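2 protein chains.
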Amino acid sequence: MNISRFIFGDPLKTENMSAEHLSKTKALAVFASDVLSSVAYATEAILLSLGVALSVSYSIPISLTIIALMSIIICSYWQTLKAYPKGGGAFAVAKENLGEFFGLITAAALFIDYSLTVAVSLSAGTFAIISALPILADHAVSICLVVLCIVTISNLRGTQDLAGVFAIPTYSFISALALLLICGLFVPAETPDSSVQDLQQSMTQGVATLAILRAFSSGCSALTGIEAIAGGVTAFKVPQYKNARITLLIMGLILGSLFFGITYLAHKFCIIPNFSETVLSQISKKTFGTGIFYYTLQTLTACILFMAANTSFAGFPRLAGVLGKEKYLPGRFANLGDRLAYSNGIIALAVVAFFLITCFKGQTQALLPLYALGVFISFTLSQAGMVRLQIRERQSNWQIKALISAIGAVATFVTLLIIIESKFIDGAWMVLILITSLFFMFKKVRKRYTETDSELDLKSGGLNKYLIHHQNLRPKVVVPVSKLHKGTLQALNFAKSLSDDVTAVVVNVNSRETERLKLVWRSMNFSMPLVILSSPYRSIVNPFLEFLFEQDDRDPDRGKSIVVMSSFVPTKLWHNLLHNQTAAVFKTALLYKKHDSQNTRIIVEIPYQMKQNNS
Amino acid sequence: MNISRFIFGDPLKTENMSAEHLSKTKALAVFASDVLSSVAYATEAILLSLGVALSVSYSIPISLTIIALMSIIICSYWQTLKAYPKGGGAFAVAKENLGEFFGLITAAALFIDYSLTVAVSLSAGTFAIISALPILADHAVSICLVVLCIVTISNLRGTQDLAGVFAIPTYSFISALALLLICGLFVPAETPDSSVQDLQQSMTQGVATLAILRAFSSGCSALTGIEAIAGGVTAFKVPQYKNARITLLIMGLILGSLFFGITYLAHKFCIIPNFSETVLSQISKKTFGTGIFYYTLQTLTACILFMAANTSFAGFPRLAGVLGKEKYLPGRFANLGDRLAYSNGIIALAVVAFFLITCFKGQTQALLPLYALGVFISFTLSQAGMVRLQIRERQSNWQIKALISAIGAVATFVTLLIIIESKFIDGAWMVLILITSLFFMFKKVRKRYTETDSELDLKSGGLNKYLIHHQNLRPKVVVPVSKLHKGTLQALNFAKSLSDDVTAVVVNVNSRETERLKLVWRSMNFSMPLVILSSPYRSIVNPFLEFLFEQDDRDPDRGKSIVVMSSFVPTKLWHNLLHNQTAAVFKTALLYKKHDSQNTRIIVEIPYQMKQNNS
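Quick mapping for you: the protein sequence lines, in order, are chains A and B. Per my numbering, the very first residue in the first sequence carries number 1; after that it's consecutive. Per my numbering, the very first residue in the second sequence carries number 1001; after that it's consecutive.
Source of the hints: derived by calculation from the structure; they are not laboratory data. Every value quoted in this text rests on a predicted model; they were computed, and no experiment measured them. Misleading hints may appear alongside valid ones.
[What the hints assert, rightly or not] Cβ-to-Cβ under 10 Å is the rule here; a few derived chain B residues that face chain A:
1) D1457
2) L1458
3) L1489
4) V1520
5) F1568
6) P1570
7) T1600
8) R1601
9) I1603
10) E1605
Glycine included, C-beta positions come from ideal geometry on N, C-alpha and C.
Extracted from the complex, chain A is given alone in its bound form (with noise of 0.2 Å):
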């Protein structure tokens, strides 16, 4: 108890539950670790993609496709905020606009997006971690893991007052970053080899036209977590839309910049990928050499990525919480733990992300073909919610309002389908299937929730049955006996009192004990009948089951029979040796016993509670 107090801290009253809003500094570091951190690798997944000689003429014009796509999501979000003043995540947007069915897909992809993001910033942290630290290699699955249990509890522990301390590394990690890309102007350029060239040319257009499209999949990969804020609208100080938009527009500025500055060096300084070295950690080596910015560097990159990871545990919860609510996962996700966290979605995304690290062995690149794609689901569905909406309402200048969302949407649309086109064999059938398989779940579970409510619903008829205490359809209580002592005669007396149909039952399995039974048992005048039954083969738990099972058989009107039994409650463990536990077997054995394995029957344990002195 202690240790989890230690670990978790104490319990926090319902009523302490922040109402802080963030200023819109504050703001950004907490929603924009997220999408920052993806500069991190997302060049790094162009390069690797398009291969050496491509990457000399495409990465630029890639990543600059990349930025326009950026400009096109943020102008249609930009509407979205206005519209969803009370935070406008992608699975409402969708649910209320296009209905059930695309709101539960955007919900699905939102879950596998989450569960990758934190999947892939922990396993790119980590990646920055080698880099800088290659004696560390072979431990990454287990770096991640730590990390990933660290985030986890901190997140169980709940993470209100933590805005002011992610401030630190964002902005550092910012500033670093602008630094680096500065000081990266002027260090002189390198020529590519000149096979280089060569290369490029014996390609088909065929080959090069997949690469290219592979290259564009990956570097959206840098897009994920533009949507944060949309859902977290309610955390701004007021106007909040208004410091959510400025924040949304500071935040692609940001973006758009380092993103577009780590992929020029990389091009200028011809940077080749590799599985030891993240290109950041190539990029800053050669811009500083291995001196104290470089580890600082590493450090923050590190750092922002644990905080993306960290991130992901803010949005899975609240997203299943959600769900929980609306019945479309077990209401155990809408409870919020001691400490104000929605514990259970939390360790549902930890347990979710250990399995993808540990299956993909904490590599960052072997990851994200299965990323994005989820993002693009939500993006498309959200943007084309937006168009619904906008077309509906009708409001001040609604046709250019829906012609944005309409292109952001068509935009996504089509990078959505170059995802599935170009990643389809490398993991995106996998999503695919997930996110299937999800939607069917949702379905499935609030299925199950309605018809257990209506069936339950007091409205649902029937009702007198459960109302009127039937004094004629009295319960036929059967009491198992194998000695008279002061236990049993409490669950005799207990019985009388349920119902006056009590039958007392002994096995006969030793007969002369059975015998004195039957004359004490005479010399009490008890008012019910004793059966005696016979066990041929000496089990207690068969003879009496097949009698319990004839007398329910005998009278199916009253419903089964009600088993009330006495059980010694020892004042030492040892203690438990000595009795023979009928209850617990009696117990058991109902449950294995076809007639009865639905279990429905009442059985009433008495407990007599020995006395504390005995030894």
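Go by the hints and put chain B onto chain A.
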């Protein structure tokens, strides 16, 4: 179920309990395997203790002394058989004549002896196999454990009809050994190394004496098993005790001649014991070479040793059953399993033997120092008991009979002292500690049972409390409610049938739902109050438990409140994930609360069966 039936066989009716009586021939086969099998290791134990130097002069005198001791014991048991025609196990004789203290000491000694017999016999049997097939030497422990497993299972099946099967290997073993001894007489003797003579002369008197005493102690392991017939008189054909006496005599003659014969041949061939081949195997090789006879003898030796282990599997559970009936051990040891075997005792013995074999790595000679001690304690006490009996009863010639038993008691007591003296450091101390611990355990278990019985006994007063249903002290019943549905109604209904003091309780986690519940509650016009508990930390369990304990304290005379709650019985396993399992959570929480740690509260779960046709 079917697998278990296949392995252990169909259950047997109590009336099928074998009433078959054994002829002397069959009885000898059943009872002699333990005692005869010891010739396979007793000579070896003597030679090992004496060392090469002393063996030449002392092995034969020592074995003669042991045979003399055996004759004394057999004379003494000759009387026990008549005095206890219903079976005079050492425990019965000692307890009846010397009182509970010595009875329990005897029982403890016998338990240890039985356990060691299993371990020693299995190890020695395995050694016989390994001597013939040295390739298996590395797998000694595994072979032991496999045989242990087979013996355990066959005993759980019951060994009632196996007497006939036992006869074949027993008589074959006796014949084969007799043949070996006769042929061995015609094989020329070998002269010992002359250096051995010098070695012997250089030895000090003290060292030699100790070695001789140790050799004698070790050789006494040949005498374990003699008491088996005394415990099983009832298994013989009438006139039972007379047939048992004759069988005992024949057994003694066979044991004596085989034991002496082997020792003589070992002496004649100057056999030096070693850890890779048994003495018996060496003798057999010298006499017959490694032909078919050699392998037959080794097989038969292994067989009879494994059968000796089997003998303990009859004795130990039967003794445990007697102690269980007399409440010195948990009552379940006295239950006959569905195959008419004392299953619990068999399993207990198997577990103990498993530990002995693995701890001592299946080495016979490592186990022997622990052995014999237990047997001689039981010999001494059982014969001392006979002396007491004869003095008390004063039948014809009682003086002579008492003298015979007294000589037996003194002889075995002196042997016991020699064993303790010479083997104390080697392991006898462990046995003494174990016997003492077992003794105190028996006493403690018995005390606990006596206390329980007297507390539960109907004669112990305060009965009114249990006999009369106190209408005026009606129980307090609490029903936790989260929502009003058919399941809750069922629970409320059941609660009302128990008492008219029913309180429904709702924990206010979600204030909107609580308000809704209050409205419905009012509309239903229930007669009982609905208490709303606030829950600042959103926990359902803690506020409810606090309420419960407060309610208990308010009117302690009326006992602890009974909790009645509804629980769902889902039609499919995964549905469990959708429900909150509140009942299970409450139960667990109650167990861990100091206030209620004794778990003496009546908690009634009212199962609500969901409709089967739901998906």
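Against chain A, is E1605 (chain B) within 10 Å by beta-carbon distance? Constraint on E1605 (chain B) satisfied, holds at 7 Å.
Just to be careful: measuring from the Cβ of F1568 (chain B) to every Cβ in chain A, is the smallest value less than 10 Å? Interface hint status for F1568 (chain B): holds (8 Å vs cutoff 10 Å).
So, L1458 (chain B) near chain A? Judge it on the closest CB pair being under 10 Å. holds (6 Å)
Is the hint on V1520 (chain B) kept, meaning its closest Cβ partner in chain A is under 10 Å away? With a minimum Cβ separation of about 7 Å from chain A (threshold 10 Å), the hint on V1520 (chain B) holds.
Using the nearest Cβ pair, does P1570 (chain B) come within less than 10 Å of chain A? holds (9 Å)
Does D1457 (chain B) meet its interface restraint, that is, does its C-beta lie within less than 10 Å of any C-beta in chain A? At about 6 Å, which falls below the 10 Å cut-off, the nearest Cβ of chain A leaves the hint on D1457 (chain B) intact, so it holds.
Regarding the hint that I1603 (chain B) lies at the interface with chain A, is the smallest CB-CB distance below 10 Å? Holds. Min distance 8 Å.
So, T1600 (chain B) near chain A? Judge it on the closest CB pair being under 10 Å. Holds. Min distance 4 Å.
Interface restraint verdict for L1489 (chain B) against chain A (beta-carbon cut-off 10 Å): holds (4 Å)
For the hint on R1601 (chain B), just tell me whether its beta-carbon gets within less than 10 Å of chain A. Holds: closest Cβ of chain A sits about 7 Å from R1601 (chain B), inside 10 Å.
Every hint from the earlier list agrees with this structure, and none is contradicted.
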